[in-house]
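Visitor: Listed below, chain by chain, are the residues.
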Amino acid sequence: MVTRSGPAAQGPTLFSTGPAVSVASVAAVEHSLAGAAHETPERDAPVEILPVKALPFVGVAVAAVIAAIGTNSTWALDFFHVAGGGIWTALDLFLGFVLGPILGRMSIPARIELTKKLMPKLVLIIPVLVTMTLAAGFQLARHNGMLDTSFSRHAWVVASFAVVGVMAVIAIGLLEPANIAVLFELRKPQPNPAVIEKLMRRFIFTAGITGAMQIGTLIIMTRLAS
Amino acid sequence: MVSPDQVAWANRKVPPVTGLWMLSLALIAGGVSYLAAYLPKRAPLGPAVGLLVAAAVVLVVGVVLLARQRDFAWRRFRQVAGWTLLAYVVIAGMIEYAFVYDHTRGAVLVVMTSMLCVFMLAPPLLVGFTVARFQHTS
Numbered sequence: 224m225v226t227r228s229g230p231a232a233q234g235p236t237l238f239s240t241g242p243a244v245s246v247a248s249v250a251a252v253e254h255s256l257a258g259a260a261h262e263t264p265e266r267d268a269p270v271e272i273l274p275v276k277a278l279p280f281v282g283v284a285v286a287a288v289i290a291a292i293g294t295n296s297t298w299a300l301d302f303f304h305v306a307g308g309g310i311w312t313a314l315d316l317f318l319g320f321v322l323g324p325i326l327g328r329m330s331i332p333a334r335i336e337l338t339k340k341l342m343p344k345l346v347l348i349i350p351v352l353v354t355m356t357l358a359a360g361f362q363l364a365r366h367n368g369m370l371d372t373s374f375s376r377h378a379w380v381v382a383s384f385a386v387v388g389v390m391a392v393i394a395i396g397l398l399e400p401a402n403i404a405v406l407f408e409l410r411k412p413q414p415n416p417a418v419i420e421k422l423m424r425r426f427i428f429t430a431g432i433t434g435a436m437q438i439g440t441l442i443i444m445t446r447l448a449s
Numbered sequence: 012m013v014s015p016d017q018v019a020w021a022n023r024k025v026p027p028v029t030g031l032w033m034l035s036l037a038l039i040a041g042g043v044s045y046l047a048a049y050l051p052k053r054a055p056l057g058p059a060v061g062l063l064v065a066a067a068v069v070l071v072v073g074v075v076l077l078a079r080q081r082d083f084a085w086r087r088f089r090q091v092a093g094w095t096l097l098a099y100v101v102i103a104g105m106i107e108y109a110f111v112y113d114h115t116r117g118a119v120l121v122v123m124t125s126m127l128c129v130f131m132l133a134p135p136l137l138v139g140f141t142v143a144r145f146q147h148t149s
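Chain order of the listed sequences is A and B. Going from the first sequence to my numbering is simple: count from 1 and add 223. Going from the second sequence to my numbering is simple: count from 1 and add 11.
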């Protein structure tokens, strides 16, 4: 039975300004986890790290991007860059500024349930979107002559390299490892709530940073397109 | 009940390899941006090679620091890093294909490919380390 599930009972949340994880809050998390385990039998199913069934879709997306680059099809490159970039930006902003704060205020069992369902999908969705957007975008810029130093707005192109570089380092160095590590922790017979809290805080925080930087990307891209 | 040991485990001290490997990635990102900023002209290669060497050195320093760890879940590290490497080999292969397709040749191709190799190695190390640092060895 879950006896302490309200925000007030949980102690510091993902966005608390106090100590990272207090012993009291961790004890509450453990209590909630144990209770939730008795209530939901499906919790015994191992957490999926990678949704294997979705891999064919990834293969198709990657093959389509390669074909678009190989044929230099302006429409296809435009499609992958604009559609991929739009979804990536929206997803980053949603995770960082909408879902993150909501997650921080949810009860611990609910937070863990959502994490178990959401994170495996993000392991595939985000890298595919990033690959689609960047690969198609670079080829499109080359095809349109925007990479050329004589292009009147070349400085904006270089600025986009810098923004994407910073975002990539944050995403590859902090966000993606946290995503996968939290799934491994959830697969353990007795996950350590302190580890989950630490990793989720890192994930949401870095998603927020990349989301904010996406606004900069939007400004740059609309400057280039107008 | 979660013991204070579990909290201590989550916050135990580890070598600063995440920061080092992120720095390595940042140096590579800087080098690629520098070379790309000159396209289609050829950029002076000195700064790019400097960034590449610095990135490689930082990457290796991180590996050495991690290799000195005794209480570390090496089996899990190899498992996670191996699969992540497979994914990044595909990504790096796509990028290399784009380089060759776009007629990048000679010394620029060598530098770009070397940067790609460092880029390909850092993420598996980062993911493998982040997962393994929270795994018990016993």
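No wet-lab data here; the hints were simulated from the structure. Take the hints with a grain of salt, since some may be wrong.
What the hints assert, rightly or not - Stretches of chain B that chain A covers, calculated by requiring three or more beta carbons in the stretch to come under 8 Å of a beta carbon on chain A:
#	region
1	21-32
2	35-48
3	61-73
4	130-142
Quick caveat, the model's predicted, so the values are computed rather than measured. The C-beta atom is built at its ideal place from N, Cα and C for all residues, glycine as well.
Visitor: So, for every hint listed, does it hold in this structure?
Guide: We went through each hint and held it up to the structure:
1. With 4 residues bearing a CB less than 8 Å from a CB of chain A, the region 21-32 of chain B meets the requirement of three and the coverage assertion stands.
2. Note: the region 35-48 of chain B has 8 residues with beta-carbon separation from chain A under 8 Å; the three-residue rule is met and the coverage holds.
3. Residues of the region 61-73 of chain B with a Cβ under 8 Å from some Cβ of chain A number 0, which does not satisfy the need for three, so the listed coverage is violated.
4. Counting residues of the region 130-142 of chain B whose CB lies closer than 8 Å to any CB of chain A gives 7, so the stated coverage by that chain holds, three being the minimum.
The structure fails to meet hint 3 from the earlier list, while all remaining hints are met.
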